[in-house]
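Participant: Here's the letter readout for the chains.
Protein chains: 2
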Amino acid sequence: MDTPYLLVDIAVAVAQYRRIAAAFPGTPVYYAVKANPEHALLIELVRAGCHFDVASRTEIDLALAAGADPSTLSFGNTIKKADDIAYAYAKGVRTFAFDSLGELEKLAEHAPGAAVICRVLASSKGARWPLSRKFGCAPEMAVDLIRWAAAHGLDPAGVCFHVGSQQLDPGRWEPSIADAAAIFARLAADGITLRLLNCGGGFPVDYQTVVAPIEEYASAIATAVTKHFPVRPDLMIEPGRYIAAPAGVLHTEVVLVSRKSYADEPRWVYLDVGRFGGLAETEDEAIEYRLTTPHDGAITAPVVLAGPTCDSVDILYQNAHYELPLALRPGDIVQIHGTGAYTATYASVGFNGFPPLRTVLMASGGDAVR
Amino acid sequence: MDTPYLLVDIAVAVAQYRRIAAAFPGTPVYYAVKANPEHALLIELVRAGCHFDVASRTEIDLALAAGADPSTLSFGNTIKKADDIAYAYAKGVRTFAFDSLGELEKLAEHAPGAAVICRVLASSKGARWPLSRKFGCAPEMAVDLIRWAAAHGLDPAGVCFHVGSQQLDPGRWEPSIADAAAIFARLAADGITLRLLNCGGGFPVDYQTVVAPIEEYASAIATAVTKHFPVRPDLMIEPGRYIAAPAGVLHTEVVLVSRKSYADEPRWVYLDVGRFGGLAETEDEAIEYRLTTPHDGAITAPVVLAGPTCDSVDILYQNAHYELPLALRPGDIVQIHGTGAYTATYASVGFNGFPPLRTVLMASGGDAVR
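For the record, the sequence lines run as chains A and B.
Using the numbering used here, you'd call the opening residue of the first sequence number 10 and step up by one each time.
Using the numbering used here, you'd call the opening residue of the second sequence number 10 and step up by one each time.
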């Protein structure tokens, strides 16, 4: 089969869903569709009882086309066009995130009565793919915005936050849970009863480094909720990477192995996929994928790994100390593991003329079916 | 018209081609198709006499479909699959770049007799979008590789280099021209006569900052060639950005204007296009585009500019001190100028469910035609 392609085993994703759902009993799991919106994957997640966090009009359509009930969708993007809010509302979506007055004004007009969740700024220290201040507002502003929502015909449901993707520290959720509890308490004093705490995503998966089991993160969150909330709120979580990443293996071919000079330097290994072909999360070498080759076990030496385009930023790993077998040759297949999330949809539409990354589904017996 | 879209005026690109061709008399201009592979643009460039630098099989097809003669194509990517070399050769392409023995071996087998150009490492200091060591080999290795090419049935045509895209310093070409002259001289002593010096691209355009006219770059290059070469070689250049960038204006809509807290902070302005929708060159705020709004002339204040996706790295400018009018509101159209190059094809295929950037061509009278 022509490389590059992403081989996806949907059964793995469903097993990940079941495991995280079991770790958070009584908590609906909203799969972040952006991680991997593959139709067949969404169908199986619907069947398994999963809910969906959607970021755009297209993702709403994808979830509904897979059979999801609109009541199981949360429009989690805090940056929405008025038209897209109206579209979601017309389709039956009734849960929306916001973090600003501008967004609330649009929601009050185009999604009257909808449940709205205020996103609060959180620290993403410890995350491999951190979230900046792009999303969320300060807690004191959240209180005022929720009051505004209650006064303008919206249903002030609760608070959400996100600690950053591939967050390794199980203790990182607690400060935001404490912030949320304080917001609940202040609004209760006003007679506004919030009920929902959305703990977001960020749950990590194994790449080169093996991470703590999901149950540790669930336990830390449960403990923090009990500690800070006098009455346990309804919870929801929004994993994307945790469900989809382990389900994918990217198959790529070595195009060239070269040296730049006669000095003692690492070899350069060029693959037929790079940062613009689906491996966008190697920006700043943030995500260090695990690689396997046909020569594993043979002698290795340091390499710089790069993609096939004429763009110099299309380098995967230059500082992360990757080593690959000296026997590696053009035409060899390199497997990049844990690539089921944030790859296929990140791929450019045709940069340098290279087509976007194809997804191939694995049949239940382990064979690729298309 | 629904935003975002890239409005392209092909007449501007053709005028840019004519100006750079006039600045480099007697020098064929190879347009870097990767900058903007729009079919109608390539057709007009073919008519104007332009040659083409192609990076992949698809770009070869695009250039040929626009009517280019295969003898006017140079396969400039130094990272090519053997199959793609064979494909190019079968289509009549006879000029190829290389920078390693591995690539030469493929070329000797799949493109016998072809003219090959050795890419030499160059400093891209001074470039806004610099090139790393990803491309090129050290000069002493270049000499050996060219000898190898001559001994294995290839036509050793010459040397190429690239000083980095949006290179502002006209003096940056000279060190590489001197390196090339030394390689020519060493090989002449072996009886190998090189004839071609490819000075690459990198020629800058106006973004927020107005750059020196192209004639200054041409003059610096001509002076350096005269100084270092006893006999003037044939020249070629490979502009992409210079031809395409000024031809495009990206039209985007303000989705949201917000503040994160009550502290005195810049407003956040969210547009319906971002780093994953075509503005990839705002990575690390490398390219600072010029913006216009319907409120220009009104009072401005600092902003952080971000795209519409749920990804935190989808921030355009946070440190570049952009200011926009205080009157800016959701629904306002912001025009991003100089976006004809390295935008539409960089866009992701569907990250967060947002479709890739559309291109709309401007008719000769100034109206958009599709």
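Hints listed in this document are in silico derivations from the structure and should not be mistaken for laboratory results.
Predicted model, so just to flag it, every value in this text is computed and none were measured.
Possibly wrong hints are sitting among the right ones.
Identical copies look the same in the list; a pair holds intra-copy or inter-copy alike.
What the hints assert, rightly or not - Using 30 Å as the maximum straight-line C-alpha spacing, the simulated DSSO-like pairs for lysine-lysine come out as follows:
#, residue 1, residue 2
1, Lys269, Lys236
2, Lys269, Lys134
3, Lys100, Lys236
4, Lys134, Lys236
5, Lys100, Lys134
Participant: Which numbered hints turn out to be false for this structure?
Facilitator: Violated hints (numbers, rising): 3 and 5; every other hint is consistent with the structure.
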